[in-house]
Amino acid sequence: MNVNGPALEVEKVNKSFHDPITVRVLKDVSMQLARGEFVSITGKSGCGKSTLLYILSTMDTDYEGELRIDGEATRKSSGERLARIRNEKIGFVFQFHYLLTEFSVLHNVMLPGLKLGAKSREEVEHHAIELLGDLGIADQALKGANQISGGQKQRVAIARALINDPLIIMGDEPTGNLDSRNSNIVFDIFRRIADEHKRSLLIVTHDEDFAKRTDRIVEMDDGRIMP
Amino acid sequence: MRLLATIALTLLRAKLRQSIVAAVGVMFSIAMFVTLLGFMNGLNILLDGLILNRTPHIRLYNELRPSQEQPVQLAYKDSAADKVPLHDFIRSIKPKDDLPRLRNATAIMEALEKDDRVLAVSPRLVAQVLFNVGTTDLNGQVSGVDVMKEVRYYMFQDYLVAGDPNDLATGNNTIVLGKGLADIMQAKLGDLVQVTTATGDRTMLRVVGYFQSGIADYDKVQCYANIKTVQKLLARPASYYTDINVKLHDLEDAPIMAKELAQRFHVQAMDIQTANAQFETGSDVRSIISYAVGVVLLIVAGFGIYNILNMMIYEKLDAIAILKATGFSGSDVRRIFLLLSIIIGLVGAAAGLVMGIILQHIIDNIPFVTAALPTVTTFPVDYSKRYYVIAVTFAMATTWVAGWFPARKASQVDPVEIIRGK
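Protein chains in written order, with the working numbering: chain A, 1 to 227; chain B, 1001 to 1422.
Bound-form chain A, shown alone (with noise of 0.2 Å):
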């Protein structure tokens, strides 16, 4: 594994969707996501942004192309090992905040760190603790996932991504349902986690103001990555 490699490239990925007909919902997409780079992507809503984000994530799997993160081909990987690299290397922030309901503020964050098995319950929870101090919820640790607002939900989920420093966050519109105050706030922990973590940032998002603000915007339109 090449330390200063890319993070995540992906070589003339093409996804078409067959229901009722087949579109071409991706033609020909190639990019790098440099560590340590924040990238944005944006595009007109059903231009493929989303598609190719849930591809980059190894969660859909169904494309034709190349996809390797961290150096490691996963074109071909199992289920099993995509479940792995999902767990350690990407963090995954959403539009809606995805908490279980059933579980703490700080089981909710401590999950991905569980599974991941590589340190121990007490340093899991001892990091999630920190991690939630950093966005500045420390205080609502112990609550109910559904006894907080939209907003620190939001950040909840994002704990819950960086829980096991993981070499990409990846997010799918995460400031879309907040307002402009929390937006701002979203921003500015994905910004400190790019800078004072030199994490890979690539977020989804049609929020220009959003978009301006980080380091590179990769355009898409029409399933087509814009020069």
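Hints listed in this document are in silico derivations from the structure and should not be mistaken for laboratory results. Any given hint could turn out to be false.
[Claimed, not checked] Taking lysine-lysine and the DSSO-like style, the derived pairs with C-alpha atoms no more than 27 Å apart in a straight line are:
(1) B:Lys1232 - B:Lys1188
(2) B:Lys1259 - B:Lys1114
(3) A:Lys198 - A:Lys119
(4) A:Lys12 - A:Lys44
(5) B:Lys1409 - A:Lys76
(6) B:Lys1015 - A:Lys143
[Claimed, not checked] Chain A stretches covered by chain B per the calculated footprint, using a threshold of three residues with CB under 8 Å from any CB of chain B:
(7) 55-66
(8) 108-115
Where is the CB? At the ideal position from N, CA and C, for every residue including glycine.
Got chain A; can you put chain B on it based on the hints?
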């Protein structure tokens, strides 16, 4: 695995009421299964015991048969059957005027005592008699037995509703009357009854007990005395027996051994399976019905679990999607839901076993008094561990299958579809 169990338990707690309903379904089916089979088999043992306890595994006897040698055969003794020029219609030689005595009985008994398969050998002498009551005579059958062996191997004392077997064993000219017969004769303990044998000899016998087998017709005829008394009654020598009863270590040996003994000793040999085929059939049918009902109950409980897990999966699609997005694989998700099902099954099975055992004890304490069964006071229950094991095994298998299909469905949930659907 601990993590998956924690997640399963948390999901379970979130749907506690439905989970309890599913577990209660399993509990009831296990409880009913255990109770039903315990009770049914208790009855089987009781009803079979009614006959089988008192029946020897093999009975050796001589049957009264028509004389084979008629005058024609005697005249042409040395000719082949097709050379006999005469038609045989004279059948003047009748069966011998003799009780069906077992010849060489003492030697047969000695040989049997040495056989490893044999638990006990006891002789019998059965005599047809008339009891003289006032001006009428009542038919009766006196079995001369070795009383102590009867007590030890055939539960004689269980059927003795009054009196002491020792009095019968040691006393001279003593008799135990069938309860029905004693009632007709109004014979009290200590009374003397007059007995007339087929040859016209009369003897006075003292009543020392009542016998009740539970089969009314039998109890109106059957009486017991010790074997010496009956030999005296019939004026026969001490080695005169009509039956030899054999009890084996293993009941299943009886049919084969009966054939072997019949050939070896030139006697009739009746094994218990042939004599009482209908009892085994009855027991089998009752068992099959109980098992069928129990299994159906368990399957219904399985559907309950299946439903609740399916519902839970639809409600938890988001949770499944996010678990997968954050690095849980399909098989992790499958294990979570399978664990859920197995937890419900285990809790239900444990509660069901406790409830089943309690129900068995309740049934065991319900009074059940019948004239037919003097030793039985409550409903019979078989507390065999076998039913507990079968019930729990089957319950676990059912819950596993019921959980497997929803769990597989959960493992196949496509997180992209769920997440992008929002």
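Are Lys1259 of chain B and Lys1114 of chain B close enough, with their CA atoms no more than 27 Å apart?
Roughly 18 Å between the alpha carbons, so the hint for Lys1259 of chain B and Lys1114 of chain B holds.
Take the C-alpha atoms of Lys1409 of chain B and Lys76 of chain A, compute the straight-line distance between them, and say whether it is at most 27 Å.
holds, 23 Å
Agreement of Lys1015 of chain B and Lys143 of chain A with the hint, judged by alpha carbon distance not exceeding 27 Å:
It holds: about 19 Å lies between the C-alpha atoms, which stays within 27 Å.
Check, residue by residue, whether the stretch 108-115 of chain A contains three or more positions whose beta-carbon lies closer than 8 Å to a beta-carbon of chain B, and give the verdict.
holds (count 4)
For the pair supplied as a hint, Lys12 of chain A and Lys44 of chain A, confirm whether the alpha-carbon distance does not exceed 27 Å.
At roughly 21 Å apart (the allowed maximum being 27 Å), Lys44 of chain A and Lys12 of chain A satisfy the hint.
Given the hint that Lys198 of chain A pairs with Lys119 of chain A, test it: the Cα-Cα distance must not exceed 27 Å.
Within the cut-off at roughly 21 Å; holds.
At least three residues with a C-beta closer than 8 Å to a C-beta of chain B: is that true for the stretch 55-66 of chain A?
Our answer is that it holds, as 3 residues pass the Cβ test (under 8 Å) against chain B, meeting three.
Are the Cα positions of Lys1232 of chain B and Lys1188 of chain B separated by 27 Å at most?
This hinted pair holds, its Cα atoms lying about 24 Å apart.
Going through the hint list in order, the structure satisfies each hint without exception.
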